Amino acid sequence: MKDFKNRDILSGKDFERDEIDYILEIGKKMGNNEYPKILDGKILATLFFEPSTRTRLSFESAMLRLGGKVVGFQSRDVSSIKKGETIADTIRTVQNYSDIIVMRHSLEGVDRMAAKFSTVPVINAGSGPSEHPTQGLLDLLTIKEECGTIDGLNIGLCGDLKYGRTVHSLSYLLCNYEVNLYFISPDSLKMRARVVDWLRKKQLKFKETEKFRDILPLLDVLYMTRIQAERFVDKEEYEKVKGVYIFRKKDLTETRDNFRLMHPLPRIDEISTSVDDSKKAIYFKQAKYGMYLRMALLGLVLKGNDFMRNL
Amino acid sequence: MKDFKNRDILSGKDFERDEIDYILEIGKKMGNNEYPKILDGKILATLFFEPSTRTRLSFESAMLRLGGKVVGFQSRDVSSIKKGETIADTIRTVQNYSDIIVMRHSLEGVDRMAAKFSTVPVINAGSGPSEHPTQGLLDLLTIKEECGTIDGLNIGLCGDLKYGRTVHSLSYLLCNYEVNLYFISPDSLKMRARVVDWLRKKQLKFKETEKFRDILPLLDVLYMTRIQAERFVDKEEYEKVKGVYIFRKKDLTETRDNFRLMHPLPRIDEISTSVDDSKKAIYFKQAKYGMYLRMALLGLVLKGNDFMRNL
Amino acid sequence: MKDFKNRDILSGKDFERDEIDYILEIGKKMGNNEYPKILDGKILATLFFEPSTRTRLSFESAMLRLGGKVVGFQSRDVSSIKKGETIADTIRTVQNYSDIIVMRHSLEGVDRMAAKFSTVPVINAGSGPSEHPTQGLLDLLTIKEECGTIDGLNIGLCGDLKYGRTVHSLSYLLCNYEVNLYFISPDSLKMRARVVDWLRKKQLKFKETEKFRDILPLLDVLYMTRIQAERFVDKEEYEKVKGVYIFRKKDLTETRDNFRLMHPLPRIDEISTSVDDSKKAIYFKQAKYGMYLRMALLGLVLKGNDFMRNL
Chain A
4 MKDFKNRDIL SGKDFERDEI DYILEIGKKM GNNEYPKILD GKILATLFFE
54 PSTRTRLSFE SAMLRLGGKV VGFQSRDVSS IKKGETIADT IRTVQNYSDI
104 IVMRHSLEGV DRMAAKFSTV PVINAGSGPS EHPTQGLLDL LTIKEECGTI
154 DGLNIGLCGD LKYGRTVHSL SYLLCNYEVN LYFISPDSLK MRARVVDWLR
204 KKQLKFKETE KFRDILPLLD VLYMTRIQAE RFVDKEEYEK VKGVYIFRKK
254 DLTETRDNFR LMHPLPRIDE ISTSVDDSKK AIYFKQAKYG MYLRMALLGL
304 VLKGNDFMRN L
Chain B
4 MKDFKNRDIL SGKDFERDEI DYILEIGKKM GNNEYPKILD GKILATLFFE
54 PSTRTRLSFE SAMLRLGGKV VGFQSRDVSS IKKGETIADT IRTVQNYSDI
104 IVMRHSLEGV DRMAAKFSTV PVINAGSGPS EHPTQGLLDL LTIKEECGTI
154 DGLNIGLCGD LKYGRTVHSL SYLLCNYEVN LYFISPDSLK MRARVVDWLR
204 KKQLKFKETE KFRDILPLLD VLYMTRIQAE RFVDKEEYEK VKGVYIFRKK
254 DLTETRDNFR LMHPLPRIDE ISTSVDDSKK AIYFKQAKYG MYLRMALLGL
304 VLKGNDFMRN L
Chain C
4 MKDFKNRDIL SGKDFERDEI DYILEIGKKM GNNEYPKILD GKILATLFFE
54 PSTRTRLSFE SAMLRLGGKV VGFQSRDVSS IKKGETIADT IRTVQNYSDI
104 IVMRHSLEGV DRMAAKFSTV PVINAGSGPS EHPTQGLLDL LTIKEECGTI
154 DGLNIGLCGD LKYGRTVHSL SYLLCNYEVN LYFISPDSLK MRARVVDWLR
204 KKQLKFKETE KFRDILPLLD VLYMTRIQAE RFVDKEEYEK VKGVYIFRKK
254 DLTETRDNFR LMHPLPRIDE ISTSVDDSKK AIYFKQAKYG MYLRMALLGL
304 VLKGNDFMRN L
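Protein chains in written order, with our numbering: chain A, 4 to 314; chain B, 4 to 314; chain C, 4 to 314.
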């Protein structure tokens with residue numbers, strides 16, 4: 004396995020199975036142990052050009068718990084980008100002040116350009132509608148720990164599969180496992196072609212459908228995502244279909260005993276709050292696994308694969 | 004006395020006298036000692052949905068001085084609240100990344116809802132026009148240290164008593180002491196009914212009046228607050244009364260030797276800057292006591308009542 | 004030499020030559036050594052009322068690398084300034100929560116007023132169009148390290164010399180060295196009178212010209228700055244001259260072997276990106292020297308001139 008030290012984390016496509024399994028193993032350990040201060044003296048720069056609660060705070064908390072420190076900005080408007088500076092120049096500046104950069108930007112491809120210019124590793128924390136690989140990894144950690152396995156599961160991804168960056172990264176990552184995927188979306192928000200092409204190349208089995216209720220009894224995992232009204236070209240179509248993409252408490256009765264309901268959050272109304280108390284609802288646990296997963300990634304990228312060896 | 008460990012700090016009504024006295028005693032010690040790093044390994048999340056200078060910075064500085072660390076956001080707009088996430092979901096996320104949450108929000112009651120959902124303790128750092136209990140506690144610490152006592156004092160609260168959250172929390176807290184309160188405000192901004200009802204129930208003596216100058220010679224403490232022009236229904240009334248609510252240098256001559264002038268800040272023009280140099284003006288000292296008080300609270304809530312025992 | 008301990012850093016005019024040389028010597032050492040945690044227990048407050056990437060992040064990173072901690076705000080809108088508080092009151096508050104204040108503000112003179120009110124040292128991180136002394140110091144550190152000397156050099160300052168705060172502070176600082184200065188700007192953006200007067204008083208040699216290409220073969224250092232279109236009274240003049248203030252790759256052929264091209268950044272289009280790879284382009288190195296220089300300043304002001312003695 005290649006060493007993670009100094010690797011950029013940009014896409015769900017960048018990982019082999021043994022690498023993912025290793026990240027998940029370290030992530031699990033992070034949740035079970037006292038936090039060792041292995042990143043003492045290291046500085047993380049968080050460059051968030053789009054709003055974030057979970058991703059930024061969990062990365063920052065992960066860094067702090069491992070003994071590292073954080074600088075950064077929470078909004079485009081407080082940076083020199085506001086004065087017209089390019090991302091390339093911003094990166095070539097910030098790399099001088101930090102040992103690793105975590106970046107979120109509304110434009111696809113900016114993460115890759117940043118990595119090209121940066122002398123320190125770059126982690127993509129959301130690149131427009133394209134990818135969000137650390138979310139995909141934490142989703143896998145959640146599935147592994149809560150379902151006991153990833154292989155063999157029937158997993159449904161539901162909602163806006165065209166613009167939802169989390170489902171893209173998760174799909175890429177799942178190509179390394181033996182799963183049956185179900186893509187559930189309105190016709191106008193179907194899984195984007197480039198992801199579908201990749202899955203076909205990797206021979207991952209998937210089916211496309213419009214309604215999760217038709218296949219709910221089959222599923223081990225249903226991963227809901229936000230559908231934003233403004234994504235619909237035809238507003239009438241939105242009004243017609245939106246109820247189809249809300250998971251309600253009574254839907255739980257149609258699910259398997261081992262069924263688990265996930266969501267990358269934020270949720271608007273795709274999952275009724277009356278579902279929250281069910282043991283099948285694990286979306287808040289996902290948020291917690293996110294911190295452990297990010298601790299694992301920061302340790303691996305800054306210290307290399309053996310960083311837990313001497314703990 | 005109940006242990007403070009893991010208690011939420013939401014309202015001035017939530018404290019018994021011995022509890023307040025104990026907090027003030029610890030706060031005083033914090034000002035007199037080297038800062039012990041007792042909160043090493045702990046993380047504070049500061050969630051500020053409204054602007055703040057004193058409260059956020061003093062909480063963060065308090066946490067850092069005790070060896071802890073901080074994550075958070077300074078504005079609603081950089082969080083997922085901007086994407087439509089509820090406060091409940093935000094709290095259930097952030098509790099995974101932190102050991103304690105300090106929150107300011109423009110809506111009354113959000114603090115209590117947050118505490119209900121949170122598995123980690125929540126401190127209310129300002130809940131709309133309703134309460135600001137840590138401000139009330141630091142006001143008491145200031146009075147205790149600068150006047151030598153709280154019992155027996157004549158204390159005037161002046162300005163916007165209807166929407167001013169600091170005077171509400173302070174009034175609730177003062178129910179535990181033997182004081183004479185004077186509520187000084189225009190008729191349309193009188194102390195809100197629910198506070199008055201509570202004081203009556205607690206048998207705290209208070210009088211209501213419209214002009215501080217009428218009672219100034221009686222007062223040991225005058226606590227000024229901002230009156231915002233937009234609070235007045237009748238703009239003409241505002242123009243008529245506003246001069247009545249400005250404390251000027253010459254007013255000092257009417258005050259007792261031991262008189263002290265307080266203000267939660269920010270001040271606009273309620274106190275003339277020519278008063279600032281008087282030893283009777285203690286509003287900037289208040290800001291300093293605020294840090295010590297918040298160190299005491301963070302220590303008590305995170306470590307329990309005995310946290311100073313082994314120092 | 005006067006001790007730097009507790010000194011405010013407000014203007015390029017405030018330094019003697021031996022003081023600057025000492026700062027540069029410490030700055031160089033900071034770049035060559037492991038970072039010692041000499042500022043453990045100290046807190047820096049960064050008060051940025053204008054956007055910043057380099058200055059804020061390099062100050063914060065400098066503080067963290069030396070073992071200190073940081074509180075602050077990244078934007079005016081999240082502070083009580085938004086509620087109408089004065090800078091004087093903000094400073095008298097924040098000084099209670101920090102050991103040193105770094106401030107950027109759009110108005111000239113605010114830095115000096117802040118220093119007057121503050122009981123802790125204040126560092127000016129940009130005061131409107133007036134000064135930016137720590138930028139001037141890092142520019143000198145860059146020249147010293149990259150050119151081997153400051154004395155004897157021909158240095159061109161090009162662009163908006165009227166409103167560009169960095170060139171003002173740098174000019175003041177250069178009065179302590181034997182250099183030939185060339186001020187290159189359109190007539191309407193000539194070096195401001197108060198700077199020119201100071202240079203004359205200090206007998207620093209300078210010439211004024213409109214085009215850098217005329218003198219390029221003479222120069223050891225060319226320091227480019229942004230020209231903002233909106234600074235021109237006459238938009239037609241701007242359209243006429245703007246090409247004259249862009250450094251292009253072919254311009255390199257006219258320069259000396261030891262020529263170095265600098266820029267305080269952010270750059271918009273004053274330097275073509277095709278120049279970036281030249282070893283003569285040192286503007287990204289400048290950003291790195293900025294962190295070392297600020298580590299030196301924080302150490303000197305918080306710990307005094309001997310702070311490196313025991314390392």
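Hints are not guaranteed to be accurate.
Result set (DSSO-like, lysine-lysine): computed pairs, CA atoms no more than 30 Å apart in a straight line [to be verified]:
1) A:K288 with A:K16
2) A:K85 with C:K252
3) C:K45 with B:K147
4) C:K252 with C:K40
5) B:K147 with A:K32
By construction, these hints were calculated from the structure, which means they are not laboratory data.
Computed from a predicted structure; not experimentally measured.
> Checked against the structure, which of the hints given earlier come out wrong?
Replying inline: As far as the earlier hints go, 4, 5 are violated by this structure, in ascending order.
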